[in-house]
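J.: Top to bottom, those sequences are chains A and B. Just so you know, UniProt numbering puts 68 at position 68 of the first sequence, and the rest follows in order with no gaps. Just so you know, UniProt numbering puts 170 at position 170 of the second sequence, and the rest follows in order with no gaps.
No wet-lab data here; the hints were simulated from the structure.
No copy is singled out in the list; a pair is fine if it fits within one copy or between any two copies.
Derived PhoX-like pairs: lysine-lysine, alpha-carbon spacing no greater than 25 Å straight-line:
#1 Lys166 x Lys126
#2 Lys24 x Lys97
#3 Lys166 x Lys100
#4 Lys59 x Lys38
#5 Lys100 x Lys24
From a predicted model like this one, the values you see are computed outputs, not experimental measurements.
There are 2 protein chains.
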Amino acid sequence: MEYYGSQINNLIQHLAALPGIGGKTAQRLAFHIVRMPKDQADALAKSITDAREHVRYCKVCGTMTDAEICPICADGKRDHSTIMVVENSRDLAAYEKTGKYSGVYHVLGGAISPMLGVGPSDIRLKELMQRLQGDVKEVIIATGSSLEGETTAMYISKLIKPTGIKVSRIASGVPVGGDLEYIDEVTLLRALEGRTEL
Amino acid sequence: MEYYGSQINNLIQHLAALPGIGGKTAQRLAFHIVRMPKDQADALAKSITDAREHVRYCKVCGTMTDAEICPICADGKRDHSTIMVVENSRDLAAYEKTGKYSGVYHVLGGAISPMLGVGPSDIRLKELMQRLQGDVKEVIIATGSSLEGETTAMYISKLIKPTGIKVSRIASGVPVGGDLEYIDEVTLLRALEGRTEL
Chain A
1 MEYYGSQINN
11 LIQHLAALPG
21 IGGKTAQRLA
31 FHIVRMPKDQ
41 ADALAKSITD
51 AREHVRYCKV
61 CGTMTDAEIC
71 PICADGKRDH
81 STIMVVENSR
91 DLAAYEKTGK
101 YSGVYHVLGG
111 AISPMLGVGP
121 SDIRLKELMQ
131 RLQGDVKEVI
141 IATGSSLEGE
151 TTAMYISKLI
161 KPTGIKVSRI
171 ASGVPVGGDL
181 EYIDEVTLLR
191 ALEGRTEL
Chain B
1 MEYYGSQINN
11 LIQHLAALPG
21 IGGKTAQRLA
31 FHIVRMPKDQ
41 ADALAKSITD
51 AREHVRYCKV
61 CGTMTDAEIC
71 PICADGKRDH
81 STIMVVENSR
91 DLAAYEKTGK
101 YSGVYHVLGG
111 AISPMLGVGP
121 SDIRLKELMQ
131 RLQGDVKEVI
141 IATGSSLEGE
151 TTAMYISKLI
161 KPTGIKVSRI
171 ASGVPVGGDL
181 EYIDEVTLLR
191 ALEGRTEL
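Please build the complete structure, drawing on both the sequences and the hints.
T.: Below you can see the structure in the form of structure tokens.
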């Protein structure tokens with residue numbers, strides 16, 4: 001891509017190194033960026049430096065944020081006696097978008113995976129158990145429904161049960177609006193097992 | 001997206017403002033960026049500032065570059081007597097990628113479009129005519145095969161014909177590997193009209 005000159009070329013290569021951004025997209029983005037008003041391009045660059053500079057993990061729940069305590073844990077209006085355990089900050093974001101959950105979270109930073117060599121001590125379980133010494137009424141386990149997510153959920157529930165705190169697991173089944181014929185068999189069986197009386 | 005804190009939120013919003021980057025992608029990219037080594041994130045930010053700062057248009061062909069004269073126009077090994085006329089720098093890049101064209105380019109910066117109010121004086125035609133006063137043997141018109149591209153091609157050919165310089169137009173027809181049944185009728189007719197004897 002030597003035909004653009006070194007600076008534009010350099011930008012294209014940096015963009016193409018981002019996940020999910022291919023060569024064509026990187027070129028399109030670079031062309032857009034160099035034609036932006038200068039202050040906008042500078043603001044984009046600054047937002048990158050600033051976010052990277054200030055990123056940290058919430059002292060309480062472990063989610064990615066830029067303050068000592070994240071906005072959710074710092075919010076007095078939320079129900080701090082209900083903790084939803086998620087694998088990562090993206091899963092937290094997914095539940096936040098529903099706007100219907102008023103409790104707080106605990107971000108594990110992964111799931112137990114013998115295959116990848118991730119054991120119970122590699123995710124934030126110790127921190128979770130420490131939080132349970134406070135006034136906690138329920139722990140909702142919202143790890144994924146993959147093998148790793150299920151293993152982690154099972155492990156956590158066994159860990160918490162002796163404390164007497166209520167432990168629940170989010171339901172798995174057919175997604176709303178999902179056409180049965182396109183859903184995998186495991187999910188269909190899971191939906192059948194989890195059926196509720198009408 | 002208040003749950004990430006203002007800096008990460010700010011980065012997500014800046015990324016989501018880029019063309020073709022939706023909310024989910026912006027979030028994924030932002031998470032990737034804040035977890036990059038600091039020097040890599042800074043280099044990405046710097047590549048944006050640098051490219052935007054130094055972007056300019058080649059004095060000869062008008063392509064986007066960061067030098068006074070772009071690497072292609074500055075290349076003594078290229079055939080400067082053959083000029084390919086393209087609508088924009090991306091089209092130039094597309095032909096450069098073939099690696100088979102050894103002439104130089106002229107970037108119009110658009111195509112004539114009465115619908116969008118783009119007239120002949122709004123694209124770099126005057127600059128093209130000035131270049132023809134040098135030692136030019138052929139002008140290859142490689143504007144797109146849209147209505148605007150065709151109109152522009154026609155206009156340019158009429159402009160150049162009186163000078164006696166050879167003018168050609170890239171072929172339009174069925175793309176290589178294209179299945180006839182999925183190709184639109186106009187293209188099929190164009191391919192028929194442009195048939196060559198075997």
